[in-house]
Structures are given as C-alpha cells and as structure tokens.
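A.B. asks: In order, the protein sequences belong to chains C, Z and U. Using this note's numbering, read the first sequence as starting at 732 and increasing by one per residue. Using this note's numbering, read the second sequence as starting at 967 and increasing by one per residue. Using this note's numbering, read the third sequence as starting at 948 and increasing by one per residue.
Be a bit skeptical, because a hint or two may be false.
[Said to hold, decoys possible] Taking lysine-lysine pairs in the BS3-like style, the calculated list, with each CA pair at most 27 Å apart, reads: (1) C:Lys852 to Z:Lys1068; (2) U:Lys1349 to U:Lys1179; (3) C:Lys852 to C:Lys817; (4) Z:Lys1074 to C:Lys817; (5) C:Lys817 to Z:Lys1050; (6) Z:Lys1068 to C:Lys817.
By construction, these hints were calculated from the structure, which means they are not laboratory data.
Here is how the chains run, residue by residue.
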Amino acid sequence: MADATGAAAAEPKNIGETSETGEGGVRRRDFINIAAVSAAGVGGAAVLYPLISQMAPSADVLAESTTEVDVSAIEPGQAIKAVFRKQPLFVRRLTPKEIEEANAVPLSALRDPETLAERTKDGHLDMLVTMGVCTHLGCVPLGAAEGENKGEFGGYFCPCHGSSYDTAARIRKGPAPTNLVVPDYVFSSDTTITVG
Amino acid sequence: MIRILSALAGLVFAGVVLLAFVMGATTWLTEEPMHSADHEFHLDAHGPEGGYSFDGPVGKWDVAQLQRGLKVYSEVCSACHSLKFVAFRDLEEIGYSEAQVKAFAATKQVPGIDPNTGESVMRPGEPTDYFPSPFPNAVAAAAANNNAIPPDLSLMTKARHHGSNYVYSLLTGYTDPATFEKDGKRLMEEFPDFQTPPGLYFNPYFANLNLAMAPPLGVDGQVTYDDGTEATVSQMSADVAAFLTWTAEPKLVERKQTGFAVLVFLLFATVLAYFAKRQVWSSVKPKKA
Amino acid sequence: MSFPWAKEYTPANGFTKWVDEKLPLPRFVYNAVGAGYPVPRNLNYMWNFGVLAGFCLVLQIVTGVVLAMHYAANAQVAFGTVEHIMRDVNWGWMLRYMHANGASFFFLVLYLHIFRGFFYSSYKAPREMIWLLGVVIFLLAMATAFMGYVLPWGQMSFWGAKVITGLFSAIPFVGEPIQIWLLGGFAPDNAALNRFFSLHFLLPFVILGVVILHVWALHIPGSSNPTGVEVKSESDTVPFHPYYTAKDGFGLGVFLIIYCVVVFFLPNMLGHPDNYIEANPLSTPAHIVPEWYFYPFYAILRAFTFDFILEAKLWGVLAMFSSILLWFLLPWLDRSPVRSGHYRPLFRTFFIILLVDMAVLFYCGGAPAEEPYVMISQIATAYYFLHFLVILPIVSSIEKPKPLPYSITEAVLGSDKKAVLGENTQPAT
Chain C
732 MADATGAAAA EPKNIGETSE TGEGGVRRRD FINIAAVSAA GVGGAAVLYP
782 LISQMAPSAD VLAESTTEVD VSAIEPGQAI KAVFRKQPLF VRRLTPKEIE
832 EANAVPLSAL RDPETLAERT KDGHLDMLVT MGVCTHLGCV PLGAAEGENK
882 GEFGGYFCPC HGSSYDTAAR IRKGPAPTNL VVPDYVFSSD TTITVG
Chain Z
967 MIRILSALAG LVFAGVVLLA FVMGATTWLT EEPMHSADHE FHLDAHGPEG
1017 GYSFDGPVGK WDVAQLQRGL KVYSEVCSAC HSLKFVAFRD LEEIGYSEAQ
1067 VKAFAATKQV PGIDPNTGES VMRPGEPTDY FPSPFPNAVA AAAANNNAIP
1117 PDLSLMTKAR HHGSNYVYSL LTGYTDPATF EKDGKRLMEE FPDFQTPPGL
1167 YFNPYFANLN LAMAPPLGVD GQVTYDDGTE ATVSQMSADV AAFLTWTAEP
1217 KLVERKQTGF AVLVFLLFAT VLAYFAKRQV WSSVKPKKA
Chain U
948 MSFPWAKEYT PANGFTKWVD EKLPLPRFVY NAVGAGYPVP RNLNYMWNFG
998 VLAGFCLVLQ IVTGVVLAMH YAANAQVAFG TVEHIMRDVN WGWMLRYMHA
1048 NGASFFFLVL YLHIFRGFFY SSYKAPREMI WLLGVVIFLL AMATAFMGYV
1098 LPWGQMSFWG AKVITGLFSA IPFVGEPIQI WLLGGFAPDN AALNRFFSLH
1148 FLLPFVILGV VILHVWALHI PGSSNPTGVE VKSESDTVPF HPYYTAKDGF
1198 GLGVFLIIYC VVVFFLPNML GHPDNYIEAN PLSTPAHIVP EWYFYPFYAI
1248 LRAFTFDFIL EAKLWGVLAM FSSILLWFLL PWLDRSPVRS GHYRPLFRTF
1298 FIILLVDMAV LFYCGGAPAE EPYVMISQIA TAYYFLHFLV ILPIVSSIEK
1348 PKPLPYSITE AVLGSDKKAV LGENTQPAT
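Let the sequences and hints guide you as you build the complete structure.
C.D. replies: Here you go:
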C-alpha cells in the first residue's frame, strides 16, 4: 500500500513519457495506453469522412447530370445555349466557311492544339458542342446569341479578361489556358444529343 | 431574509396547486367519467403474420416485396395519394435498372412547361422527377374527396406510431360496426348510439374509428403481381406497407449496417479505454487489504 | 488559483518554449485539463458528466453547422430540405439523427450533472458562481433546443412554437403584443422560422462562452468531491491528466455506445411521429407534447388549473419559470455546513423523494392532459416547490450530520497520517 499511495505524487505514466521511462522499449502496460489513444484517433478520423463527404454533390444534384438537347432547329451560323450541370452549354452549327477557317489554322499556331474533327463527332463536323465556360476563370463568353461580339477570330469572346476563341472554340488570344471544354456527349438520334 | 421570502413563495405555489388539486379531485369524484367509443374500441396496430423482412437490428429489404408494393401504390393508392418526396430515380434502390426507371417514369405525366410557348403542360416524367400528385393543389384534393384531403404517403410510416404495422392494420381492418367486438364486448351493446356517418367507413385501427377512405383493397387479385405472388388483400396490404416503409426511410438498411460497424468499433475502443484507465489508476488505487 | 503542489508547465523544446513566451495557450490547456490541474482523487463516475456535457455541446455544434449547409429556413421548403438531407445528402440521414438525438443525450447528461450537484451540494460556497453559471447554461440550452425543434417545420414544430410563445401571452396587459412580437406575426410563419434559425445557430456559441466561464470558475476553488471535504494536502489529489482523462475517456466510450444504439437502431424513439407531418396551421395534433426533456416543466405548467386571484394560465407560467429560476437560490437556501448527501441522512431521504417526484413529473408531462395524470402532477408540483423552498432550508438547519472524514485521503485509504501527526505529508500505509 505504501507503494500505491507513494505513486500518487510520483510522475504519472502516460504515453507521452514512454520513450523516457520505458527501458526496454514499449512496455506492456504502456502498450494498452497507446492502443487506447490510437483507437480514439482512428475513431476521430473516421468521423471526419462523413463530415467531409456531406459537402460533395448530393444524390439529386448528381441525378441531373445528363441533359438532352434537341439540335434540329439550329440553322448554320446559329448557336443555342442549353444548361448542363447548372452551367451554360453552347451548341453551334457551323457554316461551311467557319469550318474552312477552323481547318485552315495550322496546329502549330494553337496554344492548345486540337483539330475541329477532334472536337466534334464523326459525321457531325458542323455541330460544335462546348461548355460556355471560359477556361480562364469561368465567365460565360459572348458569341452564342445573335449580335454578340464574337471576337477577332469569329468564335467566342470572353469579356471578363479578353480571351478570344476561334470558330472551333479554340483559344487564340488572351489569358485562357485551354480551349472551351467539349463535354462527354453522344448523338442519341440525328436531332438529339445527350450530354453527360 | 431570502429564506423567509423563498419559503413564502414556495408555500404560495404549493397552496395554489393543491387548491387546484382539490377542485380537480372534487369534479373527478362527482362527475361521471367520460366514456367514448374511440377510447374503448380502438385497436392497436399489428403487422402481417411473421413480421417484415426489415424488422430487427439485422433486418433487410425484401426487394421483390418492395416492387410488389410499388405496383399496389401505382395501381391503387396513387389515384388519391401523392408520394412527393420520392423521385423516380430512387427506384433504382429497389432493384430496377436505369432503363426500367426511365421507362417507368415516362408512363407518368408530370407538370411541365412547353419549351416553345412556356405554357403549362403535362409531359412524360423523367428519372429526376418526383412522383406526381393526383391533385393540382389541396383545394382540388379536398373538393374531390368530400373535404378530406388524402395525406401524402412518403412519410406515412414514420408519421404514425408503429407506422408499418399501422398501414397494414388499417388496410386489412375495415369491418362492420354492427358485429364488431373487442375483448368480448360488443361495440353496439356498449354504445347503442354509435354510428358511422354517411361517407365514412368504420375501421377500429383509425383514431376515431370512422375513416373517410373507402376500403382501397377490397378483393383478392385486385392487383396482378408480375412475380406470380398471390395477391390476397393481406399480401397486398403487407407489400404496400413495406413499400411505404422504404419511401419513409430509404436509408434504413444502410443505417443499421453502419450502426453495426460503429458499435463493434466502439465496443473495442471502450474496452481498451477501460484497461487503459485501470492501468493509469493502478498506481494510486488502494489495494483491497 | 491552484494548489501549491500543482505541476508547472515546462516547454519540452525550443518551439514550445517560443510559443509559451508569445501565447501561453499550451500552458493554459495544461493547467486547465492537463497534468497542471490537481483534482480530488476520489471522484466517482457521477463526475464524468461535466466532460460529457462539453462533448455533447461540441457534437451538436459540429453536426449543426453541417446540417445548416443543407437546410433552408423558409416555411415553404423547410420540411422538404430536411427530407432532402435525409434522402439525398451524403450521410445526411446520419448527421440529422446524430443532431436530433444528440439534443436528447445532451439533456440526459445535463440532468445527471445537475442531480449530481443536488446530491453533493456542489452549489455551496465557495462554488456558488459555478452553480449560477450552470443554471444559465441550462436555461440557454432549453431555449436553443426549443428553437431547434421548430426548424423541421413539422406539426409538433409548428404547434410547439405556437404554444410556447403563447406562454408569454399570459403576462397581463402586454402579453399578446409580446407574443406577436416574438413570432413576427399572428401565427408562426416565415418570420418566426427565420429568427428561430438565426438564434438557434447563435445560442450554442453563447453557451460555449458561458461554459468557458463555468470551467474558469471551477478552477478557482477546484473540483468538489463525494466526501464534500475540501482538499487539504497533495495526497488528496491526482493530476487531471492522465488520471481523469483516462477515466473520462472510458466514460465517453460508454456514453457513445448508448448514444449510437439510439442513433442507428432507434433514431425516432425519442421523437414524435407527428413531426413527420408537415406543419399545418389549420389542424392541431390530437396529443401535443414537447420533447421529453421538457416534460417535468410542462407538467408543472399544466398543473395549475384553477383561477386563484390570478388566472390559472398565469400561475402555470409563473410556476414553470420559477421552478428553474429557484435553482439560482440554492446556495443560500441550503445552509448546512456539510456538503455531501452521504453524511446527511435526513437530506438524503428527501433527496430520494425528490428523485421520485421528478420521475412522476416526467411521466405526467408526457401523458395526456386527463385525470388522473393532472391530479398526480399537482401533488408532485406541490412537493417540488416545498422541497426546494421550504423543506431544504429547514432540513439544513435541524439535521445532525454524520461525522465527516478528516480528509479525502482518509476517506479513500482509511487513515491519513497527517490527522494523527499533524505535519507529515506522507500518508500512512
């Protein structure tokens, strides 16, 4: 009993002190403390997972990820704006002249080299589907609606910081690093595309 | 001083409440206790024989049953009751493929707008749409149902005590008040004046015994099941009750499974904590002499 | 203040030394809940609930902040956003059940903590301030819980908001204008829902502030203990860390197991089915009750059914508020020099009656407003007030307490050498 009470004033044995007090490495009784504190740590870390995960898109948001667009009414030279994942989607039917201009540009002159054919689907070279989100900082470029400034390359022009895109929506001038993004889509029929 | 004032306040409160007690007790003793039919002849809800597959801490959905329940809801209940918190896409959780959900949704008409004119139209549903309401608004629902608005069913099994059993009991519980008895006492003998008002239906599982809903599942075989299960009234009631349990708590199975993992871990960690505590205290705890 | 033998924080390396000189936060923590805080060595498991209450507060704040990221306080959509959380948000069902049941467990822990205080007279000098702040925390927690219950905008939310704000209408002359002002309208609607959400978000942080004061006040005299005898020497105490961190850690584990059984297997057990029906201003649920943790006070409110000079309604409201506010007076009502109920036989008898009385009030508060529940709650209410305001002061002056141990060490070990020798700090074997 003398030993028991004397230890009250003695240095407590806790896990922080194992390295100093443990002579032959970790002793068995320290091991149980380390295990208990580790279990608490693991539990705390596991709780973080749902707390972080809850901020990711919820089921209803993910469910809206595919959008169908009827493209039959778009005349050559015209574009429409649709909505995909709450962001603008540009669908544009190119005129033969615009296709020619796009193909005339040597790939070496491009910041983000891609041909028009690579940016459209086989057999639909005139149907250019891109996100309407400038790759610089996310503004909506002009040029999809009738009468808007298409920029000096005849495609899209972003008014925020002056990025100009050509008729294949490739970046030609200004701060944007890459071409307007072509989302995943398929022609679900001759007149309808399914995006996402 | 503070104690004198407090004691006075205490005596006043106690005095007033005891006065109320005396008055209450006098009335209670002198007046006949109120008898009411709904108090004495109401039945507690019970589930189908054998219970539900999702009962208990390890219960799971019976997917075939949920699909049958969906069919009962679609063919019977949906004529009057909405299911507004359930989206068609949710049906993928009860065993349907994306294509099946899309096809099912397309058979339902949901409110939308004409993309060219902006006028209100009905259009075929998409997986992201929610089950449409049979009535455009509450007033229309009341007008079509003798002023009793059919409640939304999405949360019905959580909105009643023992909800899954309640739905089953209610659907199978319609009976004739003239012959109804409980614990050997006949309703019409105890309450000769009891009557079910016109337009209402007697059901001892409903709170006041008279319900505005006509018996929805009246005959065996009212719904034809795709899986060949015999559609008795009891079977259809159990299936739709199971389906509504799923609509009310779609995460029920996920919840119980997560709970098991959490509890196993906690038990392990707590046992460790117990031994760690004992170890820490071993140096100061007096040993039993 | 601390005991002279409290260990001093010594920075382990150059970096912690640098931090200690600029902002001695590690030192502060060390002295608050570390090895630098000497605590009586004889605390039993009833002393766990302070730490557990702190844990519950943090749990509620964390889950609450997360839920607020998905909830919308608008009467049109509030009910729907709660269902959105339950169905679509990743882990939303778990976070909501944790928060809803977390409130219940918070109150369970608070009640145990408070009744620990009643039995061991933790409110007595020199710890009055700790007690007063504790009552403030309890009142704030009640307000927060009530406003939180309104947010899902179910039937119980709506009618709870209406009934509780209706309490203020009992105040003569200005009552009704006050109720309308509280609600921002004639019935609960958007205005009420939005302000309740705002305050429900704010108040937990106010509680956190008062909790810090509560713990600060605790560190002035140090923790009480089951004997009620003050700490005399070093052998009476052990450092908080690792002794009580280890003990509280184990207690936390047990608490979490019970909590998780409810969250994952019985999540709606403590709730009411009517709150899964969307608020309907035109139809009152058949049986309206508050959450279980308000039952005793709800029973007191309903016990006053007779107009005596004042209206019964006003008596009920006065009694309900008084029933908690009188806890503020406890340090001055109970004048017995002995703290612990273990050494006060008469007090102990009445304490057990109080426990039974509270259990009866709990039961009656949840029962329908019919006989015999009203009559039973009237008797229980009368005893409640008599106990605190009349019996307790009388008992404290007439009872003859049992002899106290000389010191905590003697209580634990059977003897304290110091008691015999009067000088040796080394305890006897």
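A.B. asks: Does each hint fit the structure? Answer for all of them.
C.D. replies: Now the hints, each set against the structure:
no.	hint	in the structure
1	C:Lys852 to Z:Lys1068	holds (26 Å)
2	U:Lys1349 to U:Lys1179	holds (20 Å)
3	C:Lys852 to C:Lys817	holds (24 Å)
4	Z:Lys1074 to C:Lys817	holds (25 Å)
5	C:Lys817 to Z:Lys1050	holds (23 Å)
6	Z:Lys1068 to C:Lys817	holds (22 Å)
Going down the numbered hints, you'll see the structure goes against none, and every one checks out.
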